[in-house]
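J.: The lines below spell out each chain.
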Amino acid sequence: MPRHKNRRNDGRSRRRPQRHKDVLHARGGHRTADFRCAGCQLAVPLAAPGTAHRNHCPHCLVSLHVDGRVPGDRAAACRGRMEALSLSVRPDGEWLIIHECRSCGELSANRIAGDDNALVLMRLALRPLRDVGTEASGALLAL
Amino acid sequence: MSTHHHDHARQSGSTHARTTTSGFGKTDTFTCVHCGLTLAALAADGRRRDHCPSCLHSRHVVDHVEGGPSECLGRMTPISIAVLRTGDWMVVHRCVRCDELTSTPVRADDNRLILMRMAVRPLAQPPFPLEAFGDV
Chain A
137 MPRHKNRRND GRSRRRPQRH KDVLHARGGH RTADFRCAGC QLAVPLAAPG TAHRNHCPHC
197 LVSLHVDGRV PGDRAAACRG RMEALSLSVR PDGEWLIIHE CRSCGELSAN RIAGDDNALV
257 LMRLALRPLR DVGTEASGAL LAL
Chain B
80 MSTHHHDHAR QSGSTHARTT TSGFGKTDTF TCVHCGLTLA ALAADGRRRD HCPSCLHSRH
140 VVDHVEGGPS ECLGRMTPIS IAVLRTGDWM VVHRCVRCDE LTSTPVRADD NRLILMRMAV
200 RPLAQPPFPL EAFGDV
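Top to bottom, those sequences are chains A and B.
Residue numbers for the first sequence follow the numbering used here, so the first one is 137 and each next one is one higher.
Residue numbers for the second sequence follow the numbering used here, so the first one is 80 and each next one is one higher.
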């Protein structure tokens, strides 16, 4: 199944290209081997299908707060654990995970990778419909 | 959040007819940057609005990375619904100018149709076939 469903064929992309990142993940960089996830402690390989930069654990979707405003700048001094908060969808149909830092409350968005746990993603997508509070039940009843 | 609201009121040239103890008038209004709707700055429950109840768009007036007021003032579009542990919904906004993310609680008079559309949006375009979940 293609990851982009409505990609335009005229060669122009509406989104800006991904920023250049000079973080050396492999080849003698700060990480040369698999790393342990901060959430589930499972070993995570560096290579992620669909992206050049592994952002989150594919098993539990937990990330680390290392970047500041620009993705890849490694400017955040927080180093807190970022847990998946919700899912967003790009106009081209690609899913984004919204992470929230458990330490400082900062939010960040990142594309899902090809090896992310589909069951965990599905639980995240169904969360607004499952835990129905007072305001959410009003939204359901209005339909 | 108070600077957020104050900037909202100031940027839209609102009238400071009757100023309350919190520094905001009860008759203050602001204009939505997306749909142009003129809104009372106070919601029905007495709290300050931070997004338009009709189109859910907001404005980037608070810098959440460094704190304090932001100089961006870009339009913020609603991109996602987040759920707190209490079951209440939050709207996640993204600034179209600088890509900063914020989350604000859903108000009682927010547009239900847009809220529900955002909540079910991931299920409309799943990146993997959902038929496989029938066997799990």
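These are calculated hints, taken from the structure and not from any lab test.
Hints may be right or wrong, so weigh each one.
Covered stretches of chain A, going by a simulated chain B footprint (3 or more residues, C-beta under 8 Å) [to be verified]:
(1) 221 to 233
(2) 237 to 249
Under 10 Å between C-beta atoms, here's a sample of chain B residues computed to sit facing chain A [unchecked claim]:
(3) Cys114
(4) Pro132
(5) Cys134
(6) Pro206
Everything numeric in this text was worked out from a predicted model, so none of it was measured.
Glycine included, C-beta positions come from ideal geometry on N, C-alpha and C.
J.: Now tell me if each hint is right for this structure.
T.: Okay, the hints, checked on the actual structure:
no.	hint	verdict
1	221 to 233	holds (count 9)
2	237 to 249	holds (count 5)
3	Cys114	violated (19 Å)
4	Pro132	violated (12 Å)
5	Cys134	violated (16 Å)
6	Pro206	holds (6 Å)
Hints 3, 4 and 5 from the earlier list are contradicted by this structure; the remaining hints agree with it.
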